[in-house]
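Residue numbers (the working numbering), protein chains in the order written: chain A, 1 to 470; chain B, 1 to 470.
It is possible that part of the hints are untrue.
Which copy is meant is left open, so a pair is good if it fits within one copy or across any two.
No more than 25 Å apart at the CA atoms, straight line, and that leaves these computed lysine to any residue pairs for SDA-like [said to hold, decoys possible]:
no. : residue 1 : residue 2
1   : Lys-443   : Gln-174
2   : Lys-221   : Val-293
3   : Lys-346   : His-441
4   : Lys-346   : Pro-268
5   : Lys-443   : Ile-101
6   : Lys-438   : Arg-409
7   : Lys-221   : Glu-319
8   : Lys-443   : Asp-176
9   : Lys-443   : Thr-49
10  : Lys-221   : Leu-298
11  : Lys-443   : Ala-100
12  : Lys-325   : Leu-249
13  : Lys-221   : Pro-273
14  : Lys-443   : Gly-175
15  : Lys-57    : Thr-446
16  : Lys-325   : Glu-137
17  : Lys-221   : Gly-239
18  : Lys-346   : Ala-100
19  : Lys-443   : Asn-411
20  : Lys-221   : Leu-403
21  : Lys-57    : Pro-445
22  : Lys-438   : Asp-176
23  : Lys-325   : Arg-436
24  : Lys-443   : Asp-102
25  : Lys-57    : Lys-443
26  : Lys-221   : Ala-301
27  : Lys-221   : Ala-297
Treat the hints as calculated values from the structure; they're not laboratory data. These numbers were taken from a predicted model, which means no experiment stands behind them.
2 protein chains.
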Amino acid sequence: MNPLLDALRAALGDTHLLTPERHDLSGWERDWRQRARGRALAVARPGSTAEVAAVVKACAAHGVAVVPQGGNTGLVVGSVPDDTGTQLLLSLSRLNAVRAIDGDNLTMTVEAGCVLQAVQEAAAQAGYLFPLSLAAEGSCTIGGNLATNAGGTQVLRYGNARELCLGLEVVTAQGDIWNGLSGLRKDNTGYDLRDLLIGSEGTLGVITAATLKLYPQPAAKLTAWAAVPTMEAAVALLGLAQQRLAAGLTGFEVMGQFALSLVDKHYPQLRVPLWRESPYCVLLENSDFESEVHARALFEALLETALEQGTVTDAVVAENLTQAKGLWHIRESIPLAQVDEGLNIKHDISVPVSRIPAFCAETDALLAREIPGVRLVNFGHLGDGNLHYNVQAPAGGDAAAFLREQEERVNTLVFDQVARFGGSISAEHGVGSLKRDKLPHYKDPTALRLMRAIKTALDPQGLMNPGRVL
Amino acid sequence: MNPLLDALRAALGDTHLLTPERHDLSGWERDWRQRARGRALAVARPGSTAEVAAVVKACAAHGVAVVPQGGNTGLVVGSVPDDTGTQLLLSLSRLNAVRAIDGDNLTMTVEAGCVLQAVQEAAAQAGYLFPLSLAAEGSCTIGGNLATNAGGTQVLRYGNARELCLGLEVVTAQGDIWNGLSGLRKDNTGYDLRDLLIGSEGTLGVITAATLKLYPQPAAKLTAWAAVPTMEAAVALLGLAQQRLAAGLTGFEVMGQFALSLVDKHYPQLRVPLWRESPYCVLLENSDFESEVHARALFEALLETALEQGTVTDAVVAENLTQAKGLWHIRESIPLAQVDEGLNIKHDISVPVSRIPAFCAETDALLAREIPGVRLVNFGHLGDGNLHYNVQAPAGGDAAAFLREQEERVNTLVFDQVARFGGSISAEHGVGSLKRDKLPHYKDPTALRLMRAIKTALDPQGLMNPGRVL
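Construct the entire structure; sequences and hints are all you get.
Structure representation (C-alpha cells):
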C-alpha cells in the first residue's frame, strides 16, 4: 500500500479517491486539445476546503506533486499530470456551491469547481450580470478561470477574470487555508496576494473559492457587424465606438477575410454577412442601460459617422436577439471551421492596439515570404489588442507534415514579431507546459528572476503543479 | 568620508545628493500630517531610472536602508526615514517626464515623480481622461499613488490606482531594472508582479515609471446633492443609481449630519445644502458620453424615482460647473473643518456596502456608550464601502488629553467592529508605520505568512523601506 493514498483515503473516503487500478482516469489525464496524455498517481476529489487542505498537506508531507484541475478546458496543457504516474491529480469539481449572493454589495461568493455558466446563471437568477464569458463556459470552472486569468469576449468593458475578483480562499503549498474572501472594493492592508494567485496556474497554491463582482443587467444588448476596409480603419472605428458608447461598448471583435471564408465554406448555413467585400469584418456589441430604442439610436449614429468617415464600408445591425446570437455564433465558429479545414497552428498574442495594423501588415508579409502558401486565420478581441493569429497549413498539402516541419519556425517568426512590437506571446491562455520553454526567451530576465524567487518562497518543495509557468 | 555617500555622489553628481551637514532636509524628513520627524543619512535625487538603480545597488552593497519618497503626502507615515540618521531618502521627484501618450491604445507612460495633477492635465491636453483623483492631487506623485494603491473619488467607476495601471518599470531591491512597462490589456505570461509591486509601499522595490489607462472624456458631468433619511436609504439609492446610470455613475459620496455641520460652522460661505433636515446627505456624479441634456434627463428621472421610493427626501442638481464644483468643495472641506474644530482621530475603513448601515448603527451606539460625548465625523466613498469614520473629541473638553487617553481605545473599538463586519482597517491609505503593528491582529495569519515569505524572497537584506507594512 502507498501510505499517501492511505492518508488520502482516510481524509476523503474511498469514493473520492480514484486510482488507476480501479478507475479509468483518462478524462482527467488527457488535455482538452488532445496534445498530452499523462498518468496520475490517483485522482483526489475533495468535497470541502478543509479536505483540499488535508490533501495538499498530505502530499507535502510525502513529497508528492499536486496538479489542480477544474474543467480541464485549458489550451496550454496546464492541468493534466505528467507521464510519470507520480503526481496527484486534485480535482476541484466537487467544490461547486454558490455560497452567497450579496445584491447590495454587487458580489457573489462561489466555490472553485462551479462551472462558469452556472455562475453566470446564478447571477442572472438573482437579477445581476457576471460578465466573464468565453467559448468553454459550459465546461470550464471559475477556479480554472481565475488560476489562468481567463479573458474572453467581454474584457473590453469588464476586464479579465482578475478584474472580476475581489477576494480568494486559497490552500497554500503547505496545506494552510488563507481566507481572503472579501467583498471589499478597497483594502490596502498589505501585498496583493489575490492578484498574485490569480494567473499563477496552480503553481503557488490552490484556489478553492472566490468572491466575484456582479454588475446590473443591461436593459438591452445590440450587436452590429461591419465591413472595414483595413485594420487601420478597424482601430479607428474602435476609438470612435469607445468615445460614443463609452462603457456601453462591451464587445469589439475583428475577423479576417480568410477566417470568415472558412466559416462560409464549412458552415454555409450560418450565412456570414459582408465578408466577400472586405479584408476584415468587425463585430460590435452595445450594452445599454436605458432601452433598446436608445441603444439602437446610438448604434445607428455611430455607424453613420463611421460610414461617412470611411472606417466602415457596410454594416448590419441585428434586428433581434436571434440575429445577434447568429452573428456571435459566426465569430465563435471560426475555431471550429479551422478544425474542419485541417491542422493548424494556434496563437494567442497581444500587442498595443495602436500597433496592431503595423504588426499585421509586417507579419502577414513576413510569413507569406518565409512560408509560401501559408494561410492566416486572423481574428480576435481587437478591443484588447488580443489576436488569435493562427496559421493554417497551405491548401492541398500534407497538413501534418507542415506542422511537424514548420510549427516551431512559424512560432518563432510570430513570437519574434510580437516581441518587436512590445507584445505578449500569451494574452489570455496562460503559459502551462506549452509555452513554458518560451518564457526565458521572451520575458524580461529580471521579471523571471522575481517570479522564481516568489515560487521558491511560497512553494519551496516545488510540488504545486510543477513544470508549469516556470 | 562615508564610502556610500562618495559612491552616490559619483553616480548622481554633487547637486543631487543632499546631506544634513549642508542642507535643510526637513521637507523630506517630516511626514504630511506632522506625526513623525525622522533624520535621513542623505537625500538622493536621481534623474533617471539608471540612476535610481545605481543608488539602490550602492545601498544594497553597503547594507543601507532605502526609503523611497514621492510627494510625501501619505497619511500613514510611510515615506519618511526613521530617526536613526542611517537611512537614505530616495526622492523620485526628478523623474517627472511624461514619456508617451498613445491615443489609439488609450495609454500613457509617465515617470514616478510626475505629480498626479500633471498627469491628469497631460491626459486632458491630449483629449483623454486619466481618472485618478484625490485631495492631494496637486502634490502627490503617481509613483506614490501606485506604491500605496491610492483610491479617491472616482474609484466606483474606474477603480483604485491598481486598476488604472497596465505596466510598471521597477528597480528591484538588488538594483536591477525590471522593464514591465506595457500597454497591454492582456498578458498572461506569468505571475502578476505589477499588482504585487502596486500597494507594496516601497518595501519590495522602487516604481520608476508606469503605463496608465486613459479613457475618453465624457461629454458632460453632472453633480447632485440628495438628503437621505437613513444609511439604508443611501445604500438603496446607490443600487438604484448603479442600475440607472451604470458606468455613468462616477461618484457616490455620503456625508453625515455632524460632518456637514462642521463645514457649515467653519465655512458658512460654502452654504451647505439640505444638511439640517437629514442624518445623511449624498453627493452623486453622473458622467455622460452623450450630452448634458441627456445626463440631466437621466439624473432627474433617477431622483424622481428615489423621491417616490422615499430613499431621497430632497435633492438639488447643480445647474452648472461652478455649482458642481461648489458641491464637491463642500465634500472636500470636511477634513479641513475637522482640523478647525480641533484634534481628532482619523479612520479609513471599508466594509461590504451591504453591511454599512448595520456597521454604522452598531458602532455609533457602541462609541456613544463607551465614550460619552464622542462626536462622529462619518463621511466617505459609500460606493466603495469606504468610510472615513472619524472621531472628534467631545465638545468643550481638552482635545489633546482626549486623544492621549482615548485614541488607542477608540481605534480598538472601531477596528474590532470592522473585523466583525468583514472589513479592512485600511481601505485606501495603506499601512505605513502607523498601522503596521495592527496588522498581526487583524490580518489573516496565513496571508501574513505569505507576505513575509515574499518580502524575504524579494528583499532578503530587508533594506527596502524597512518598518513599513510588515
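Going through the hints against the structure:
Proximity of Lys-443 and Gln-174 under a CA criterion of 25 Å is satisfied inter-copy only: 19 Å between copies versus 29 Å inside one chain copy. Both within a single protomer and between protomers do Lys-221 and Val-293 lie at most 25 Å apart by alpha-carbon distance, with minima of 11 Å and 23 Å respectively. In the homo-oligomer, the alpha carbons of Lys-346 and His-441 lie at most 25 Å apart inside one protomer (19 Å), although the nearest pairing across protomers, at 50 Å, exceeds that limit. Taking identical chains as interchangeable, the C-alpha atoms of Lys-346 and Pro-268 lie at most 25 Å apart only when both belong to the same chain, with a minimum of 23 Å there against 67 Å between chains.
Taking the shortest Cα distances, Lys-443 and Ile-101 sit within 25 Å of each other only across copies (24 Å), while inside one copy they are farther apart (39 Å). For the identical chains of this complex, Lys-438 and Arg-409 are intra-copy neighbours only, at 13 Å inside a copy versus 56 Å across copies, given an alpha-carbon limit of 25 Å. Taking the shortest alpha-carbon separations for Lys-221 and Glu-319, only the intra-copy value of 11 Å comes in at or below 25 Å, while the best inter-copy value is 32 Å. Only between protomers do Lys-443 and Asp-176 lie at most 25 Å apart by alpha-carbon distance; the minimum there is 15 Å, versus 31 Å within a single protomer.
Proximity of Lys-443 to Thr-49 under the C-alpha cut-off of 25 Å is restricted to the inter-copy arrangement: shortest distance 20 Å between copies versus 34 Å within a copy. Taking identical chains as interchangeable, the C-alpha atoms of Lys-221 and Leu-298 lie at most 25 Å apart whether they share a chain (12 Å) or sit on different chains (19 Å). With identical chains, the CA atoms of Lys-443 and Ala-100 are at most 25 Å apart between copies only, with a shortest distance of 22 Å across copies and 39 Å within one. For a Cα distance limit of 25 Å, the shortest separation of Lys-325 from Leu-249 inside one copy, 17 Å, qualifies, whereas the shortest one across copies, 29 Å, does not.
Taking the shortest alpha-carbon separations for Lys-221 and Pro-273, only the intra-copy value of 20 Å comes in at or below 25 Å, while the best inter-copy value is 39 Å. Only between protomers do Lys-443 and Gly-175 lie at most 25 Å apart by alpha-carbon distance; the minimum there is 18 Å, versus 31 Å within a single protomer. For the homomeric pair Lys-57 and Thr-446, the shortest alpha-carbon distance between copies (14 Å) is at most 25 Å, but the shortest distance inside one copy (32 Å) is not. Within a single copy, Lys-325 and Glu-137 get their C-alpha atoms as close as 16 Å, which meets the 25 Å cut-off; across copies the closest is 46 Å, which misses it.
Taking the closest pair of Cα atoms, Lys-221 and Gly-239 come within 25 Å of each other both inside a single copy (20 Å) and across two copies (21 Å). In this assembly of identical chains, Lys-346 and Ala-100 lie within 25 Å of each other by CA distance neither inside one copy nor across copies; the values are 38 Å within and 32 Å between. Taking the closest pair of Cα atoms, Lys-443 and Asn-411 come within 25 Å of each other only inside a single copy of the chain (15 Å); across copies the shortest separation is 45 Å, beyond that limit. Taking CA atoms no more than 25 Å apart as the test, Lys-221 paired with Leu-403 passes in neither setting, with 41 Å inside one copy and 55 Å between copies.
Taking identical chains as interchangeable, the C-alpha atoms of Lys-57 and Pro-445 lie at most 25 Å apart only when they sit on different chains, with a minimum of 17 Å there against 33 Å within one chain. When the C-alpha separation of Lys-438 and Asp-176 is checked against a cutoff of 25 Å, the pair qualifies only between copies, where the shortest distance is 22 Å, while the shortest distance within a copy is 32 Å. With identical chains, the CA atoms of Lys-325 and Arg-436 are never at most 25 Å apart, being 36 Å at best within one copy and 53 Å at best between copies. In this assembly of identical chains, the alpha carbons of Lys-443 and Asp-102 lie at most 25 Å apart only when taken from different copies (23 Å versus 40 Å within one copy).
Proximity of Lys-57 to Lys-443 under the C-alpha cut-off of 25 Å is restricted to the inter-copy arrangement: shortest distance 23 Å between copies versus 33 Å within a copy. With identical chains, the CA atoms of Lys-221 and Ala-301 are at most 25 Å apart both within one copy (16 Å) and between copies (22 Å). Taking the closest pair of Cα atoms, Lys-221 and Ala-297 come within 25 Å of each other both inside a single copy (13 Å) and across two copies (21 Å).
Hint check: violations occur at hints 18, 20, 23; the rest are consistent with the structure.
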